[in-house]
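> With the hints as a guide, dock the two chains, each given alone in a separate frame, to form the complex.
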Amino acid sequence: MKLTCSRSLLASALQIVSGAVPTRSPKEILKNIKLSLGDGKATLLGTDQEVGIRYELLDIETDSVGDVLLPYQRITAILREVQDDEVTLEVNEQALWVRAGQSEFRLSVEDPVEFPDVATFEDESYFVVPGRALKTGIQRTIFATDVESTRYALGGVLLEIDGDKLTLAATDSRRLAVYQTHCSTQGAVSEEVSQPVVPAKAMSLIDKSIHDDEQEIKIAIHQNDILVQTGLSTIYARLVEGRFPRYQDVIPNEFHQKIEMVTSPFLSAVRQAMIVTNDESRGVDFNFESGTLTLTSVGQDVGSSKIQLPISYEGDQIVITFDPRFVQEFLRVLDAASPLSLNLVDGNSAAVFKTDESYTYVVMPLSRDD
Amino acid sequence: MILHVDMDAFYASVEERENPTLKNRPLIVGGTRTGRGVVAAANYAAREFGIHSAMPARRAFQLCPSLISIRPRMEIYSSVSREIQQIMFRFTPEVEPLSLDEAFLDVRGCTHLFGPPIEIARKLKETILSETELVASVGVAPNKFLAKIASDLDKPDGLVFVDSSSVREFLDPLPVGRIWGVGRSTQSVLSQHGVATIGDLRNLSRPALTSIFGSYGDRFYQLARGIDERRVIPDRQAQSISHERTFVEDMSDVELIECWALELTDQVSRRLRRNKLRGKTVSLKIRFSDFQTLIRSHTVDRPTDCTQTIWKITQDLIRQATKGQPRPVRLIGVGVGHLARPQKVQQTLFEDEPTDVRSEVLDDVRDRIQDRFGTQSLGRASGLLHNISDRRSQPGGE
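So the protein lines, in turn, are chains A and B.
The opening residue of the first sequence carries number 1 in our numbering; numbering runs sequentially from there.
The opening residue of the second sequence carries number 1001 in our numbering; numbering runs sequentially from there.
In short, the hints are calculated from the structure, not lab data.
By construction, the Cβ of each residue, glycine as well, lies at the ideal position given by its N, Cα and C atoms.
Check the hints yourself; a few may be wrong.
Said to hold, decoys possible - For each label pair, taking beta carbons as the anchor points, the in silico distance ranges come out as:
1. A/278 / B/1180: 33 to 43 angstroms
2. A/80 / B/1230: 54 to 64 angstroms
3. B/1300 / A/249: 27 to 37 angstroms
Unchecked claim - Within a straight-line C-alpha distance of at most 30 angstroms, the following computed DSBU-like cross-link-like pairs (lysine-lysine) qualify:
4. B/1344 / B/1280
5. B/1323 / B/1280
6. B/1344 / A/258
7. A/41 / A/31
8. B/1023 / A/306
9. A/354 / B/1344
10. B/1125 / B/1023
11. A/41 / A/218
12. B/1276 / A/306
13. B/1123 / B/1023
Chain B on its own, in the form it takes in the complex (with noise of 0.2 angstroms):
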């Protein structure tokens, strides 16, 4: 059994943590009453305003004008996020961690520990809270795709136990947004077959899926039967580190495309950096409007880290790509694979050539500004020009 564990609310509920004054009160989280910020969390008082993650600051203040909002501190966020890491390690080694909020366990191995999936949720929610104050909501179920929806529909101090034999009656109700990478472009070729929920998704056939879908079809196919197959894959041992995402609307302008995938760029260069990995092959994932998804990699003799070595090759992939084509852009993802961690490192007779080191000084620089002040306290001129925030991608890791 696998469990999705999801925070509830986080960055806000560590904030009330530790301000007590601010309880109850609405808060958020990033962006000023008259700046241009996004709001990058919101606490459940605010949320009864109708404010939420992802939503322009001026529009939240005129949602709610008693709105409290506090600058991001990543550094108090990150370290807590480990605290609770740790807590989770001492249930299973299995944990995968999908950002500083959320994480995959895989609990199998450790029944005979502590007791039956459900058990452990509720331990596991338990200890989170009484040593940190901080409330989870759980999903368990057997696998992946399945937990991850769990854990959203109770919420906040939700555990949802979905069991291998009633998948079906737990799916088939649900609206087919609350699938991974449906969003509402998707929803609405679907609502044109008269799908709405899950259960009407899997009445349609598999052809039928792949005329609509492409390849992607088969996914859904999958999916609307609870079918997931991914493992949990602990950042130590994945093969590769990858991070995707889809656009609400879908993209044909290559700049734009470039600027996201930098931003992916950044993300997943980072995370290798903080897991002490480096890899050889670059790879990136472009699906087209039709779904068409083409995946191109590039592989290099020295096991890198560096975000500039990596970003380089993106973006030839990404020419390569898009050069001649004429359908818009839907989802894209960048991924390091054939990780290694190097434990020891060749050293060099004379000094190291000057770009190289220029770069990596550069990433050390960048990851301190931002461990300590959050990733939306440095950004790039091109991410901030097309008012990219890195919020919104998914982590993979297969």
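Just chain A, with the same shape it has in the complex (with noise of 0.2 angstroms):
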């Protein structure tokens, strides 16, 4: 089998389906991405067997039929490194032949026929959401699951499908994002509200697969598994197992206060309220007043640092300590000129930071003594 391609179209796509591959994985072949040629298509595979992803490369002529694993690692290496606009793969002598321009590399390969399959997408039941709004939600949640928690299925994100709202939702137990939209249903799914988590790892292969924000996202959900087409993409995942917590119940709804501020000078005083923070005394002190916000760490053995930004707040003043990580990854998915609200109860209670009706996020503080 042959294919002649574009080296950039290539190598953007073994980026997008080496989202799937393992670095550590007892099962070798995992570690490469089967490249499918048949019907004049090319297929790209990429499993760890939890989750897996089925990509389709366009604008390509072949007429070879056949299957090559590629070996990851080495195959992004060549088209790194080569300078020429064109490679070509070809695989004889039970070997790959990678060429390029004056240069050419022969790889030893594993039998394709050990690759295990990822499943097409089949559903004639589904989901539909808009790309743009399924990208945004992914990355405005994304960033607050914990792969390490035991307790609750915190691994994922919560697609929580009633009617005709979608919700995204996602928490390490002491922040929490909720991102909210609409979706549509193409023939006939289960009127009940449906609770699948979704596995970091897929969404962040679904949002890396959304190229087109007009697109329409196809999601067939099943007892264990998840698919999601994506257009040229078909993402496959095992459910995350357990149970999500309620989180609804832990967002407050009557506030105290109420300060509206601008991402980006916000964002830039808390990336410098970091600065002198270590991981013993983490916290940073938010100090609201009228008109000021005051920023204040102290690290120790570090340092101490003191940040002033003028805010429209004409309220008492309020003190309230965060793990400023739990801030900065918030404001960093949001468009630097967007406006928000922090409401607050007190000092120690839930913090939550709104966009707009859409996108929510609720962080906990660290106790205050005082």
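Okay, here's the thing in structure tokens:
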């Protein structure tokens, strides 16, 4: 079999598929990406058997048929180093030949028959979400997941579908990110509210494989797994087992203070305040006073810092201590110019950041003794 | 200069103070005529009968039938102990408490305020006596090792000063048993080499000592010369908190070793909580009969003060260290390091892991019971089964 294609196209496709390739695995074969040629199409497959992706290469002309396992690390290194626009992959004599310009590589390959398959999207009943909404929702929740959790299923993003409402939620039990959007249905999907938790790794793959904001993304939810089609890619994931906590219960509804701010200057101040913190003393005091926000941090054996920021706030003084990483991770996914509000009960209760009705971010403070 | 302050017959003296009719009558704290308990403390009148702490109570009553026995009232002892510590803090912040009735003080920084070390020791003794009616023995010496020996030499009401120029004259005539960690079995090994006094020990060459005791031979070499580099470390700035225990007889039974380690873990984690400290690194020290010493440690992500969490790690370390190990164990130590005082704690959105909460509540209840009724008041079944008492472990803090 033989395939000639654009180097940058192949490189970026491999880059996306590599999101499913395990860095450590007892099964050596999974460290490959499978390339299948047939029907004039080229498809890349990567999987760790929990999460898998099937990615179709565009603008390929080939009349070859066959499968080959591409050793991922070496192939990407080659595509990175060679300078030519076109590369040719050819399999013969039980080896893979990679040629580009004046360079030629011969790589030993494993038997493609051994490589586990990744399901194709065959469902006729599924949910449909606009690409832009899903991409935004993933980016605004995925950072709050906690793959270490043993008590709850926090290693992924909850996709809660209730009628035409789609809610994405993720938490590591110290902060919670909730994003709401709409979806439509195709075929006869179940009326029951479904609550699958999709592994963070799969959500990241979905995010990366959405190229087109206008694209309609198809989501088919099964008992134990999920299939998502994003145009060129089909992503398969086994659902995270266990229960996602009742996140609605921990979002406060009534607040004493509401502080309006703009993302970019606030993020800059938080990043400055993070400089003088360390593992032992991570907390930064956020002191809101009329007209001014003062961030102070003291890092044991490091030093201290004080950063001030003018704000349009005229209420009573309130001080709350946050792990600044949690605030920074939230601000980072917002547009620099977008407004946000911080809603506070007191210095020891959950704080709620809101950008608009669709995005809510809850952070628990560090406890204050005074 | 370092001061070692050791309260004379502390528990018993507190009881005498609280009830003057007990004065000059033989008295023990802990243990009853018929029970199986051990003597936690004996006053000097009782000691004249040969009664000493850690002796089975039944034996004490055989030695002195008119003996009076009192249930330990730890709440009072620890409050008096805090009073005494407050007195020490008036002289220097460099106070390292070893137990309720013992502490090291580094007075090098306060001589211009209170006079020479011997003068400070005298004033300290006077103040403790006038404010608490209790007698302290104090050793004044260039280091911890010497100060600890000195405080014990002239008890009760002792005040012994060891000048840096007379260390050799001070140490040489003393029996080797005065050295920390030299018990019956080490003494018998030493006597086979003709060593009875610290002076004899000093005459052994360094290679001779290392051939007998392994790497610990170096330590003996230094101690015999009165060299001890350990600093006084106040609890508040300790880098680690540890307790260790040298066994009277070397131990091969892993279950028994674990029982002791659990007792030490209890003490270490209690001390962490009392000082509001949490640590990330748990370390285990094991010295085998041939003096080879292993230190194994394990570091976790979140600092902890929870007995159960620390114990799980300790137990793993013990099992790794003793697996397939033919040599019996002579000393075991448990420590927690990478300490931090959590001023502010990250709160969580959902209820904590149920097991964590349970162990925390358990720790809290146990601390309160033991604060009130004494460490002997609540024990582990494993400890009772093997007659393990906590009075004899050595706290450390390097």
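> Return the numbers of the hints above that this structure violates; sort them in rising order.
8
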